[in-house]
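Peer 1: For reference, the chains in residue letters:
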Amino acid sequence: MSAPATDKWKTVRAETARLLTAVVIALLVALAVIMLTSKTPVDTFRTLLTGPLTSKRTLGLWVDEAAKLTVTGLAFSLVFQARQFAMGVQGQVYVGGLAATLVALSPVGTTVLGMPLAVLAAMAAGAVYGFIPGYAKAKLGANEIVSSLMLNYIAVYFITFVVRVPLSAGPGLMQSADFPPASMFAVLVPKTRIDLGLVLALVAIALVWFALYRTSWGLKLRLVGHNARFAEYAGIKATFIMVSAMTASGALGGLLGSMYVQGQTFGRLTYGFEGGLAFEGILIAIVAKSRPLAVPIVAICYGYLLQGAEIMGIRTDVPTEVIAVVRALIILLVASSFKLGLGSMLKKLVSGGAKTGEANAAEAGR
Amino acid sequence: MQPLLEAKAIGKTYPGGTVANNGVNLSVRAGEVHAVVGENGAGKSTLMKILFGIEQPDRGELLLDGKPVRFANPRQAIDAGIGMVFQHFSLVPSLSVYENVVLGSEPRAGIRFDRKRAIEEVKALSERFRLSVDPLPAVNSIPVGQQQRVEILKALYRDARILILDEPTAVLAPQEVEELFAAIRSLVAQGRTVIFIAHKLPEVLEISNSITVMRAGKTVGQVNTRDVTEQSLATMMVGSEVTLRVDRAPTARDRCVLDATAVSVSKDNGKPACTAVDLKVNSGEIVGLVGVEGNGQAEFMEAISGVRAVASGSIRIGGTDIGAMSVLQRRHEGLACIPQDRLAEGLAPGASLAENMVATRLDDKRYVRNGILDLKAIRNNAKGLIDKYSIRAAGPHAAAGTLSGGNMQKVVVARELSERPEVLLVSQPTRGVDLGATQFIWRSITDARDAGAAVLLSSADLSELLALSDRLVVFYHGEIVAMLDNSDAVTPELLGAYMLGLKRQSHNEMKVAV
Amino acid sequence: MNDLLAAIFSTGFFVTIVRTTTPLLFATLGGLISDLAGALNVALEGMMLIAALTAVVVSVYAPWYVAVLAAVAMAALFGALMAFFHLRLKADIILVGFAVNFLAAGGTVFALSIATGGDKGTSSNLASKAVPAIDLSFLDGIPLVGHVLSGLLSGHSLLSWLALLTVFGLWYFLYHMPQGIWLRSVGEYPAAPEAAGIPVNRIRVWALVASGVLSGLAGAQLAMFNYVGFTRDMTNGRGFIALGAVLLGARHPLGALFAALLFGMFEALSVVLPSIFTWIPSEIVVSIPFAVTIVALLLFSYRAMKARQMLGGA
Chain E
121 MSAPATDKWK TVRAETARLL TAVVIALLVA LAVIMLTSKT PVDTFRTLLT GPLTSKRTLG
181 LWVDEAAKLT VTGLAFSLVF QARQFAMGVQ GQVYVGGLAA TLVALSPVGT TVLGMPLAVL
241 AAMAAGAVYG FIPGYAKAKL GANEIVSSLM LNYIAVYFIT FVVRVPLSAG PGLMQSADFP
301 PASMFAVLVP KTRIDLGLVL ALVAIALVWF ALYRTSWGLK LRLVGHNARF AEYAGIKATF
361 IMVSAMTASG ALGGLLGSMY VQGQTFGRLT YGFEGGLAFE GILIAIVAKS RPLAVPIVAI
421 CYGYLLQGAE IMGIRTDVPT EVIAVVRALI ILLVASSFKL GLGSMLKKLV SGGAKTGEAN
481 AAEAGR
Chain W
142 MQPLLEAKAI GKTYPGGTVA NNGVNLSVRA GEVHAVVGEN GAGKSTLMKI LFGIEQPDRG
202 ELLLDGKPVR FANPRQAIDA GIGMVFQHFS LVPSLSVYEN VVLGSEPRAG IRFDRKRAIE
262 EVKALSERFR LSVDPLPAVN SIPVGQQQRV EILKALYRDA RILILDEPTA VLAPQEVEEL
322 FAAIRSLVAQ GRTVIFIAHK LPEVLEISNS ITVMRAGKTV GQVNTRDVTE QSLATMMVGS
382 EVTLRVDRAP TARDRCVLDA TAVSVSKDNG KPACTAVDLK VNSGEIVGLV GVEGNGQAEF
442 MEAISGVRAV ASGSIRIGGT DIGAMSVLQR RHEGLACIPQ DRLAEGLAPG ASLAENMVAT
502 RLDDKRYVRN GILDLKAIRN NAKGLIDKYS IRAAGPHAAA GTLSGGNMQK VVVARELSER
562 PEVLLVSQPT RGVDLGATQF IWRSITDARD AGAAVLLSSA DLSELLALSD RLVVFYHGEI
622 VAMLDNSDAV TPELLGAYML GLKRQSHNEM KVAV
Chain P
434 MNDLLAAIFS TGFFVTIVRT TTPLLFATLG GLISDLAGAL NVALEGMMLI AALTAVVVSV
494 YAPWYVAVLA AVAMAALFGA LMAFFHLRLK ADIILVGFAV NFLAAGGTVF ALSIATGGDK
554 GTSSNLASKA VPAIDLSFLD GIPLVGHVLS GLLSGHSLLS WLALLTVFGL WYFLYHMPQG
614 IWLRSVGEYP AAPEAAGIPV NRIRVWALVA SGVLSGLAGA QLAMFNYVGF TRDMTNGRGF
674 IALGAVLLGA RHPLGALFAA LLFGMFEALS VVLPSIFTWI PSEIVVSIPF AVTIVALLLF
734 SYRAMKARQM LGGA
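Taken in sequence, the protein lines are chains E, W and P. If you're matching positions, the first sequence starts at 121 in our numbering and goes up one per residue. If you're matching positions, the second sequence starts at 142 in our numbering and goes up one per residue. If you're matching positions, the third sequence starts at 434 in our numbering and goes up one per residue.
These aren't lab readings, by the way, just hints derived from the structure by calculation. Be aware that a few hints might be false.
[Stated by the list, open to error] In the DSS-like style, the derived pairs of lysine-lysine whose C-alpha atoms are separated by at most 27 Å in a straight line are:
#, chain 1, residue 1, chain 2, residue 2
1, P, Lys-523, E, Lys-409
2, W, Lys-341, W, Lys-359
3, W, Lys-506, E, Lys-259
4, E, Lys-357, P, Lys-739
5, P, Lys-553, E, Lys-159
6, W, Lys-421, E, Lys-357
7, E, Lys-311, E, Lys-357
8, P, Lys-553, W, Lys-412
9, W, Lys-529, E, Lys-409
10, W, Lys-208, E, Lys-130
11, W, Lys-529, W, Lys-517
12, W, Lys-208, W, Lys-149
13, W, Lys-408, P, Lys-553
14, E, Lys-357, W, Lys-149
15, W, Lys-506, W, Lys-524
16, W, Lys-257, E, Lys-130
17, E, Lys-259, P, Lys-523
18, P, Lys-523, E, Lys-130
19, W, Lys-408, E, Lys-357
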């Protein structure tokens, strides 16, 4: 039917317009900061915007980073769809990386099973690490924000200890021994970092999308996220769904861990290998409205910006970290319900707003 | 003598189309106790919200001391001397009585909150107006009757000249009602004016000087209390229009499908909602639960659907005791439920129609096999139901929250009826629903009945109950006080008398009806 | 073992505890105020970090007290910013909080780099100042207990004493001043103060700004006493531990004091342990406060749930 297609298209256009406005604002603020602090502001801004395109290597870095951002974006999207605020992806990445390392450095690691088993181990470890705050919330009502953040710190410190002492490749080295080639991800595009991890990210997108929109579990999860009370009326066990959502999200975090340690990026377990990327998933999920098919698009665009900032930090006199301003502003603006002239005009053209009177009145009365 | 407070031709329509007030007049003299009575949905609370500045009228005007006034927010109404005591109290649970009374206008000693003075002032106030309450304990530890006094003291502390009490006796035990009346009399003796909204006619007749009767958003009469009787008041309240009746084919009502025996259910606060209720519903009949809201029907229905636990008694469907069963299990036994608040309990507004329509049957092999959704089957199911129930929506993919109230209700009805339930629980099916959808929903309910379902219908709309029910059961104070076969002899006035506690059937009369 | 006991029961350990507790206590009080007003501030971490850097940079060019004031002002500004996005633009308070945390994490490194002319790790090439310690060594003169008293009480940061005062000040505010009662009502049941004409949103704004002020003091203590100078990520999760302390302290200022002391003690232990038990890896030691926070959170939630069940069933 053409009617529903144009409806959907219109909403997508309206939402994209709002998002672009937010990005433009954020970039303008970044430009202002650059102009204040750089001796060559124009050059610097140009590097920020075009850096990733300069060489095959930078393009490769961009693609690889987009793949990783996709996975963390998917992990956060799952929990956000169930309306939970679990922030534990970083911890899951580290324990997942550790689990993959243990398999890779074991006798199994040199066999053909090494690579797949390591990935599975990583996902399992991540799942357990995601389960813990979920279970604590379900059984004890413990705040999942605090518990998941604490677990992050513990995981990071523990892995730091592991690479310094038991698995250290040598005195003074904060990294494990290199993985045997059988446990590593094959390179897809030579002379770049693009490896099997990209394929795994694509598979993850498909799996998460399928789970959310084609399985009864996914439907239950989304219904619980929409209206937990109605879900109970319909006979859906909300607590079980919440815990399983956090566990599944943990598996994705673990997968990301294996992408780091088994990928071309490292090929070993090393100190601080994740570099804070896990938390970017929050921004990705918010901007993508927790939709699995939108996550890779956001990841590609945001990955581009991140890469640009990285290159800018190397080649110009402005540090990479200026991107933190962009990051914070995008989250703030996308999470707000502000009405810019352009945004509200578009909305009026589209469908007179998404909700009709009764839903609005009910919300107003709440 | 000029009235102290007047409302002239007040009109108010909420966004979404609900017409709450449509030509409401009110005239209150200083120093009197003025009652405003009417059925649920008559528009009383909207009028009160307008008087207190929570809502603004679309038409009409308010006059205070003969001068036009307009209250944009409660603060302005409070400053003008109007105080309101809501049915749902606005008290901070962990704060003490005196802290709640003086909240926002605390007496101070420098920058410090002068607790001693606050306690003294509250004690003095409570003595002066015969509203005795201990100022010290936390509000969440005192009984409801005392909490209400705290609310009244709050208004008096701000020098309210006019006190509006919204259904104050709804939450009180008989002795507490007497104490409240003593307080009201003393308030009036000291020059205040009291407006109170009520259901219970004997109380209205006891305490008020004049009465305004509302029905369907209009004022239908303003009388002096000494000029009316309970019966004449009841007539004014429920009206005597010819009621619509839907043609109901006779059915074989041979099987007892739903059997509730000595069911007692408690409210959230632990007090009993209904006590030892016996009710049998046969296949192919609609039993209408009549009663003013708050007399136990809602909790009774929740106990049958499984959302609320039963304190004692048993419930059987088709002979099977369902007491220990979960909601989903009861659905497997053939139970379907149209809840009273479709947005909060009946739908997920952000999900699509197709998803909403299949939400209760996610373990049905037609839609879900091995955990995988059969999207085509789900979509076709939705399309079929949309056609069958003439639901106006963009399609099965449309978000449920984008529909109008009537269409949303149709979605709920379609979902619940599509599985040919054995037992159908229906609450307020056409509340906030336009006429066209109402007819449709009525037809769907009677179709379910014709197909053999046992239907339990709870509604605040008497015309709806009279139109659809084969039998009528009246709830009053948590008990069934009347059981009647629906016929032309059953008029709104008769039902009103039972609903308001004026009449009561004997045990034998009820047995005959069953 | 003996070494451990000797270390713990020394006046020096107590001094260490006071030092570690001070920033935690300020942050916890800041979290408490925002939580009681119904707008939980999860950006304590970021605000502390921003305040720490501000204090360090300003103190290079101005006296220490100006630096502290600047830190406080900066953090308060972010509190106001959060209030704007949450109350005016209706963004979820948790997301707003995390946005501030992200801004702080990257922004402080950025600003540090600019201020130090390229050093993104520490401010070691900046001559930043310290908050003075209060010397009470005259207590030595008291017979019998003088030495112990002076050992326990002398040498603490000015801000530590301020923190203690703030506990009582906050308690007085919340329970003996009308505005404090308003704040608690706003967080507990906003319909009531609203009906009484109290400006609910304005109170939430002040609560967020106040939590900024307190986080600012925490950051100042961290970068001008516990350490002198700024290191990237120096708050290291204290802002989140503070959130745990808010819950553990039963949402009361005195409870906050005890909870913060508890976590401060474990942080102090993590400082002392390595020199006694040299075989314990530093990472495990540093993890102790986080593990303790989780355990405390779980225990407290369990107790709170049991209490709710008992009330509900009555």
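Peer 1: Taking the hints in turn, state whether each one holds.
Peer 2: Do the hints match the structure? See the list:
1. Lys-523(P) <-> Lys-409(E): holds (17 Å)
2. Lys-341(W) <-> Lys-359(W): holds (20 Å)
3. Lys-506(W) <-> Lys-259(E): violated (32 Å)
4. Lys-357(E) <-> Lys-739(P): Holds, at roughly 21 Å.
5. Lys-553(P) <-> Lys-159(E): Roughly 18 Å between the alpha carbons, so the hint for Lys-553(P) and Lys-159(E) holds.
6. Lys-421(W) <-> Lys-357(E): violated (31 Å)
7. Lys-311(E) <-> Lys-357(E): violated (50 Å)
8. Lys-553(P) <-> Lys-412(W): violated (65 Å)
9. Lys-529(W) <-> Lys-409(E): Status violated; Cα separation ~34 Å.
10. Lys-208(W) <-> Lys-130(E): violated (51 Å)
11. Lys-529(W) <-> Lys-517(W): holds (18 Å)
12. Lys-208(W) <-> Lys-149(W): This hinted pair holds, its Cα atoms lying about 12 Å apart.
13. Lys-408(W) <-> Lys-553(P): violated (62 Å)
14. Lys-357(E) <-> Lys-149(W): violated (52 Å)
15. Lys-506(W) <-> Lys-524(W): holds (19 Å)
16. Lys-257(W) <-> Lys-130(E): Measuring from Cα to Cα gives roughly 63 Å; hence the hint is violated.
17. Lys-259(E) <-> Lys-523(P): violated (31 Å)
18. Lys-523(P) <-> Lys-130(E): holds (24 Å)
19. Lys-408(W) <-> Lys-357(E): The hint holds at about 23 Å.
Hints 3, 6, 7, 8, 9, 10, 13, 14, 16, 17 from the list above are not met by this structure, while the remaining hints are.
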